[in-house]
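Here's the letter readout for the chains.
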Amino acid sequence: MQKSQTSPGDLTAAEVLDTYFLEARARLIELAATLDRIDRAAGSQAVQSDARLQFIQDSLRILQRPQPGRAKAVQELYSLK
Amino acid sequence: MFFIDPHIHMVSRTTADYEMLALSGVVAVSEPAFWAGFDRSPAGFVDYFRQLTEFEPRRAAQFGIQHYSWICLNPKEAQDLGKAREVLAEIPKFLSCPSVLGIGEIGLNKNTPNEAKVFQQHVQIAIDAASQGPSGAKHALILIHTPHLEDKLKGTRMILEMLRDFGSAIDPARVLIDHVEEHTIELVKDAGYWAGMTIYPISKATPARAVDMIEMYGPQRLCVNAAADWGISDPLNTHRTMLEAQRRGHRLPELLQVFHNNPAEFFGQNPKFTVQPIKVQLLP
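Protein chains in written order, with our numbering: chain A, 1 to 81; chain B, 1001 to 1284.
I should point out that these hints are in silico values taken from the structure, not numbers from a laboratory.
Every value quoted in this text rests on a predicted model; they were computed, and no experiment measured them.
Be aware that a few hints might be false.
Heads up, incomplete: computed chain A residues facing chain B, CB under 8 Å, no partners named [claimed, not checked]:
(1) Leu22
(2) Arg37
(3) Asp39
(4) Ala71
From the structure, some residues in chain A lie toward chain B, with a derived Cβ separation under 8 Å [said to hold, decoys possible]:
(5) Glu23
(6) Ala26
(7) Glu30
(8) Asp36
(9) Ala46
Yeah, the Cβ is synthetic: ideal placement off N, Cα and C, and Gly gets one too.
With the sequences and hints as input, model every part of the structure.
The structure is reproduced here in structure tokens:
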């Protein structure tokens, strides 16, 4: 069953995409809605400099990296050093 | 808290679900005709319409829930125009059943020309029902399914355009367009139609996003449903949306408007629907 230490079981990349695309899409929409919600709320300007919002923006930049290791990098971003 | 679930497919649910809905404050459900997971024969549709109009109201009544239904050939089976012709011929006789509120859920699935043709034929049946129905000269109520995922925006635009082509024969106040999301709700509400939001966390809306839309576009002419069926779905997602709204500080009158009174107002345009809107008042 094991192909290599890094492959997701027996799934091909296309099968992984088929399996997880809708879930990933839903989470992206949810995140977009969460950011909109913050912007709509009273005091939204005051939280623009909140470190947690910066974490989200930094995480989004990590997602755009072309190489694996994104989940670990995002976790490290949210970790106490 | 009292609820009306404006869109749920109880034929796919257990009797225990009826009990759970009753225990959680649901006083009425509305069940549009839909796809059973496989394509049926015209005779199979007649059996299904009988199940909707005879069996389900009795099953719901055991728990004090009023069961109403909508009759149509669902868009997923509208590709076969021959079958559509046979099924559509059966619809008018079911429209006069005591618990049938109108035509639905019609609409589009993959936005094909055949689906569009059958959609228009259904709308014409609703218009033709005006002279015979209990609503006098008004067309039968219409409940519309909008397509899923990447087909939704285009399909919603097509539906709005086709409805517009019927001119003054269609009253937007007697039409509910369902499964709206952030990119379609404005189109539907701005054109004067009722809008429905379905809480399917992966493929449609989540409770949080639905409450966002209530806040952004107003609670008027807006309903929330769980559209629970034979797939991965949960009849209590309507309730979870109410809890999310409550968590944000929305008060009882507004919650009642969205989760009870709005469906009561839309459905109540057909005199067969007897659940009255509720008003809460603080005692001195």
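Hints and how they fare:
1. Leu22: holds, 5 Å
2. Arg37: holds, 6 Å
3. Asp39: violated, 11 Å
4. Ala71: violated, 20 Å
5. Glu23: holds, 6 Å
6. Ala26: Holds: closest Cβ of chain B sits about 5 Å from Ala26/A, inside 8 Å.
7. Glu30: Result: holds, 6 Å to nearest chain B Cβ.
8. Asp36: The hint holds - Asp36/A has a Cβ within 8 Å of chain B, the shortest such distance being about 7 Å.
9. Ala46: Check failed: Cβ of Ala46/A comes no nearer than 19 Å to chain B, outside 8 Å.
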